[in-house]
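J.: Going line by line, the protein sequences match chains G, C and H. Here the first sequence stands for residues 0 to 527, where the numbers follow my numbering. Here the second sequence stands for residues 3 to 242, where the numbers follow my numbering. Here the third sequence stands for residues 836 to 1165, where the numbers follow my numbering.
Calculated directly from the structure, the hints in this document are not laboratory data. In this text, a Cβ means the ideal position worked out from N, Cα and C, and glycines have one as well. One or more of the hints may lead you astray.
[To be verified] From the derived model, a few chain H residues whose C-beta atoms are all more than 12 Å from chain C: (1) A862; (2) F898; (3) A901; (4) L902; (5) D943; (6) R948; (7) T960; (8) A967; (9) A1096; (10) V1097; (11) R1120; (12) K1123; (13) F1152.
[Unchecked claim] Residues on chain H that point at chain G, a partial pick, calculated with CB under 10 Å: (14) T858; (15) A861; (16) G880; (17) T881; (18) I882; (19) Q908; (20) L911; (21) L916; (22) S949; (23) S1052; (24) P1066; (25) Q1070; (26) V1140; (27) E1143; (28) G1144; (29) Y1145.
These are the residues of each chain, in order.
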Amino acid sequence: MNSAEKKLGSVANYVDERTGAAKWLKKNLTKVFPDHWSFMLGEIALYSFIILLLTGVFLTFWFDPSQREVFYHGNYAPLSEIKMSAAYASTLNISFDIRGGLLMRQIHHWAALLFMAAIVVHLMRVFFTGAFRKPREFNWIIGVGLLTLGIVEGFLGYSLPDDLLSGTGIRIAEAIIQAMPIVGSYLAFFAFGGPFPGEVFIPRIFTVHVLLLPGIFLALITAHLMLVWYQKHTQYPGPGRTEKNVVGYPFMPVYMAKAGGFFFIVFGITAFISAVASINPIWLYGPYTPGQISAGSQPDWYMGWLDGLVRMSPNWESHLFGHTISWNILIPGLIIPGILFTSMALYPFIESWVTGDKREHHLLDRPRNAPNRTALGVTALTFTIVTLLNGGNDLIATHFSLSINQITWMTRIGVLVLPPLAFIITKRLCLSLQRADRELVLHGKETGRLLLLPHGEFVEVHQPLTDAEAFALTQHEQLQPLELEKVDSHGVRRPGGIANKLRARISRATTEQITRPSPEDIKEIEHH
Amino acid sequence: MIGTTFSVAHASTQRATNSLDRTTAIDEGRQLFLRGCSSCHGLNAEGTSVATSLIGVGAASMDFQVATGRMPMADMSTQATRKKPAYTPEEVAALVAYVSSLSPGPAIPDQQVMFYERDGNTAQGGELFRNNCAMCHNFAGQGGALTQGKFAPTLMASTPVEIYEAMITGPQSMPVFGDKIVTPEEKLSIIKWIKAAQNEPSLGGASLGRVGPVTEGLLIWTLGLGLLIGLAVWLATKAR
Amino acid sequence: MSDQIERLQDPGLPEHVHRKADTDPAAADKAERQIAILFGLSALGTILFIYAYIKVPGDAFVFIPALGTTNTQQLLLGIGLTVSTLFIGLGAVHWAKTLMPDNEVIQDRHEFRSEDADRADFVKTVKEQAAAANLGRRSMIKRSLGLSLGLLGLVPLVALRDLGPLPKKSLEETSWMKGTRLVTDPGDRPIRPSDLEVGAVAQVLPALLPGEERTLSNIAKDAVLLIRVRPEEFQLSPERLSWTYQGIIAFSKICTHMGCAVALYEQQTKHLLCPCHQSTFDVPRAAKVIFGPAARPLPQLAITVDAEGYLVAQKPFTEAVGPSFWERSS
């Protein structure tokens, strides 16, 4: 043993005598992780979160979360002597007078946008491959929770500088709170310490943004990662891969190096974007006052769909017995998002109810092999994209010389018509791809070489698939429609009549598929 | 229909020209008007069904519309937009002289606009801009959408004289900002601020259009995720 | 529920293909050099960061194509940080890809479900210990514990009561009273009718009484738009017409939808546009909503002139300004 090994040995001994760490470290250092680029999307989110924590702490050393009025005397001349809140002034200070301050602000904000984007692509990967199925339902719910809290955290974060754009966003949030029946005006006055905007909102959301929500994030992310660690990661189907194993590389050294390296890559790319692209230039927006507004006011991208929903809403409001219910705010602002996120969270249970599938799944689905689920996902994406587009309708109008009124009408109709259309098209596409897979297995790959047969017929030469390729294309399971007998062997009727009929119907639709080829089918074709 | 503005109490200096020059200019202007404007605005600038009367619009309005190339208006579908002027500065002056000879109106701001650097306050101009202008022209003067396809244009190419003229004449959808509501000193401050905005450096990197979070979101989804997913694919690919 | 189709045989993991660095020592040395260069570049990045922080002045600007005129120190700090972090990552990943073992390893998954015996033990333990705690038998303990914990849950709700005052009539009140002068925002100058041309719009606030301060919370309810049109263009009821003055009409600037400032006035169409969600209001018809999600017209402020000829409010707003709320009756 050389001296370095001796030193490490004594350190390890010290720790092990107090914690018994050697046993579980040995087990975990050799844990196997499958290696696929699509499994790194969640990592982008995780590393963005760490970057947010680091840069966020930096910012708190200079940010003053107070709405008290000050007159600006800093380095940015176009705001000289202007009355503003201390929060806004301290953000100007960070941007203009603290070295590296603007860089840290930009990294923090770009990382926040990246955090949300990564969560969304990670969610799409998990959804389309069916990774949320048993035993990973809890992790899916935690994930939806992280998505929801991320939206809130981001909104509160960019509202802290108290600039004209984000202050407008707070005004809109206050209107949503105020619109709630019975309790709305009370909740709004409690949140803002009185009428809008008051003087306590920024300091309060500072606490939520810096302490409360990060604490909850840390707990949820830890639980999320522990579950992945303990349950082991899922893997794509392929030769050598089964429901009962994991094929990949051990944590030490490969995964440590790749995952650790990827953290630095994410940091580096975020820093690069922050060096070359300006974000949230609050000195151009000006300080918030309720009497001012800018053309083209939007929230950050992850709330754009909410803005789009609100913009396209019909102006419905009811007046009953001296009270007002603002459907034009409640429906797009609370009810639809509530339904969307609740359905998202409950989806694993909805799917397992429909399919009757209560088994564990560790092999992922190729999206084409779960046509209904894939079509449903594309439907949701279509809805999100249409609403997101309407959130930017005034910018689209000026950029493409269109009319905001026309865009609003197109998205009003589009949001109802396009998602079902997307469902139908996607499902048909998936079934076509299944058919293509079946053809590939049975007949092999087209080589483009033509053969002239003795009797004059031209045929294209097909190259049969390798065993590995054929196996990968036929490894998936194909669920059959649920058979729910109305009456069991003792003559007892099955309870829950309508729900069961519905379930059977949906199950039949869900299991529409192209039968995968069996070895016999292949042998038959080979005889041709 | 009377033109877009009618300011009674405006007291600006007229451009100093001797009376002979002025008469020649008016004649020349009348010829130019008959050739290039009368088909829409009427033989005596009285207006027709397709264009407003120009009686009393004033020199400022004429100068603004013609010098920025908005008039003559080619495409009548939405609104007059800035384009390459159809007339030389001398021809513009002639047209202005002719139309203002028909009836008085707001004059071209001359001397005072030259002194926006001395008499304007950039920071105050910013406050005034955000109160009166940003809701149409955006916080950085990049322009914005109005209803039914109309829009408030970008101010990044506007000269001080054009800005002043636009404020006092209220072209097309833009309202009028009279001198009692926005004083001449305040107008100079606004001009000074707009000038500063035109020369505002891109402090933190590429400005992405100065239209807010929409372009920022686009960048993260294209460049940000694009680079990172590309690097992830590289990471998971077997080395040779 | 699953299909009964026979499966193809699993051909097992593919043959391991060696990388160049696995067999050729020169290739392995080359990979090591590449990794070292990447890590070395990272070190240079850190040096650039430190140099930019200490030596580059904060007010220097440089023109970069595609970026525009940007702040030199910010750019160099950013590039320095990029290189210092990115290249550690690239080096580590390159190391893993070229030199670390890339043999695929198979590990078995373990059953999650506990053994039946363990489950039975668990249930037995819980039952026994719960009985030992007298949880089942002694109902008074259960009930009183439920009472104390339930009441304790009320404490945080009660303790947060002072977060804010009760709204009472606050949402229905603004600073506008009978005789309040309309003043320019900014500037606080009183306004005469002759100050406004036809086609003009003015941003207006209520005049401050001596000694009064104006807060943002005041502005959020008091902000008003003053617009002048030709009197014959109005299409108002006689009562609303009496709230105007010689073609001048005043509306609350706070959007009745969600509270943004409805400040966009289209002079030719006489429409007010709210840029937040595109609610459009028609001025000659008392700010009637003609497009967009707003459900109510902008409240109109009744105006007239005082003895000195300045525009003043006739009376307070006759309805609450701004977004709707439950207690709003109209």
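J.: Would you mind marking each hint as holding or not holding in the structure?
T.: Hint-by-hint comparison with the structure:
{"no.": "1", "hint": "A862", "result": "violated, 9 Å"}
{"no.": "2", "hint": "F898", "result": "violated, 9 Å"}
{"no.": "3", "hint": "A901", "result": "violated, 6 Å"}
{"no.": "4", "hint": "L902", "result": "violated, 5 Å"}
{"no.": "5", "hint": "D943", "result": "holds, 23 Å"}
{"no.": "6", "hint": "R948", "result": "holds, 32 Å"}
{"no.": "7", "hint": "T960", "result": "holds, 46 Å"}
{"no.": "8", "hint": "A967", "result": "holds, 55 Å"}
{"no.": "9", "hint": "A1096", "result": "violated, 7 Å"}
{"no.": "10", "hint": "V1097", "result": "violated, 8 Å"}
{"no.": "11", "hint": "R1120", "result": "holds, 15 Å"}
{"no.": "12", "hint": "K1123", "result": "holds, 14 Å"}
{"no.": "13", "hint": "F1152", "result": "holds, 21 Å"}
{"no.": "14", "hint": "T858", "result": "violated, 19 Å"}
{"no.": "15", "hint": "A861", "result": "violated, 23 Å"}
{"no.": "16", "hint": "G880", "result": "holds, 9 Å"}
{"no.": "17", "hint": "T881", "result": "violated, 12 Å"}
{"no.": "18", "hint": "I882", "result": "violated, 15 Å"}
{"no.": "19", "hint": "Q908", "result": "holds, 7 Å"}
{"no.": "20", "hint": "L911", "result": "holds, 8 Å"}
{"no.": "21", "hint": "L916", "result": "holds, 4 Å"}
{"no.": "22", "hint": "S949", "result": "violated, 13 Å"}
{"no.": "23", "hint": "S1052", "result": "holds, 5 Å"}
{"no.": "24", "hint": "P1066", "result": "violated, 27 Å"}
{"no.": "25", "hint": "Q1070", "result": "violated, 20 Å"}
{"no.": "26", "hint": "V1140", "result": "violated, 24 Å"}
{"no.": "27", "hint": "E1143", "result": "violated, 26 Å"}
{"no.": "28", "hint": "G1144", "result": "violated, 26 Å"}
{"no.": "29", "hint": "Y1145", "result": "violated, 21 Å"}
Checked against the numbered hints given earlier, this structure breaks hints 1, 2, 3, 4, 9, 10, 14, 15, 17, 18, 22, 24, 25, 26, 27, 28 and 29; the rest are met.
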